[in-house]
Amino acid sequence: KQEVTQIPAALSVPEGENLVLNCSFTDSAIYNLQWFRQDPGKGLTSLLLIQSSQREQTSGRLNASLDKSSGRSTLYIAASQPGDSATYLCAVRQAGTALIFGKGTTLSVSS
Amino acid sequence: NAGVMQNPRHLVRRRGQEARLRCSPMKGHSHVYWYRQLPEEGLKFMVYLQKENIIDESGMPKERFSAEFPKEGPSILRIQQVVRGDSAAYFCASSPLAGTGGDQPQHFGDGTRLSIL
Chain Z
1 KQEVTQIPAA LSVPEGENLV LNCSFTDSAI YNLQWFRQDP GKGLTSLLLI
51 QSSQREQTSG RLNASLDKSS GRSTLYIAAS QPGDSATYLC AVRQAGTALI
101 FGKGTTLSVS S
Chain Y
1001 NAGVMQNPRH LVRRRGQEAR LRCSPMKGHS HVYWYRQLPE EGLKFMVYLQ
1051 KENIIDESGM PKERFSAEFP KEGPSILRIQ QVVRGDSAAY FCASSPLAGT
1101 GGDQPQHFGD GTRLSIL
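Which chain is which? The protein sequence lines are Z and Y, in order.
Letter by letter, the first sequence follows residues 1 to 111 of the numbering used here.
Letter by letter, the second sequence follows residues 1001 to 1117 of the numbering used here.
What the hints contain is simulated information worked out from the structure, not anything from laboratory work.
All figures in this text were calculated on a predicted structure; none of them were measured in a lab.
Misleading hints may appear alongside valid ones.
To be verified - Which chain Y residues face chain Z? A few, computed with CB under 10 Å, are given here:
#1 1033
#2 1035
#3 1043
#4 1045
#5 1108
Cβ atoms here follow ideal geometry from the backbone N, Cα and C, with glycine treated the same way.
Sequences are here, hints too, so could you generate the full structure?
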């Protein structure tokens, strides 16, 4: 049974720092991995989608990597800003189409 | 281009009542997924539907919960005889054709926060 774990559960950093969020999964047979952002009381915003054949994806200050064989993904945020404060969720898709989510990392960036 | 629309945003019910949650997928999307987010828990898959068909309901509780996606109108998640443990945020996502590789991203609505008194 696939399990997705995100470490740390919470992270506080000062503005301007570069930071890394970690996601691990137990079954490497995935189709893709997706990183989402969730603001309090809101839905999920898709940040990056990495196909199983890809190693990384970049969007602006965000870079996500995928190492399928070791069951790991990282989300790198460069030059963090207070507006980046949110909960970041990692999810994998396997056979079928349901996403399996981690519990998220809650990020707080102070000005 | 409107995103995934869920209503109501907040719903309060007393124990034993019925709750109906609605989801209109993005234009052009024919696949709908429902997820539940319990307090302090991650999002858990409940059910996957296409028009007039339930494709995968492996995450649905066996009793009191049902879902539909009719030919016309929104998808409905229905919870009968609600209990306090049903209090959660319920999210709907939609996607276009799933594809053999499952490589179409799911787009999420803002959710319905269900509170049971």
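Right, here's what the structure says about each hint:
Interface hint status for residue 1033 of chain Y: upheld, as the beta-carbon distance to the closest one in chain Z is roughly 7 Å, under 10 Å. For residue 1035 of chain Y, the suggested interface contact is upheld, since its CB lies about 8 Å from the closest CB of chain Z, less than 10 Å. Hint status for residue 1043 of chain Y: holds, given a least beta-carbon distance of 4 Å to chain Z, under 10 Å. Hint status for residue 1045 of chain Y relative to chain Z: holds, with the closest Cβ pair at about 4 Å, below 10 Å.
Because the closest C-beta pair between residue 1108 of chain Y and chain Z is about 4 Å apart, less than 10 Å, the hint holds.
The earlier numbered hints are all upheld by this structure, with none contradicted.
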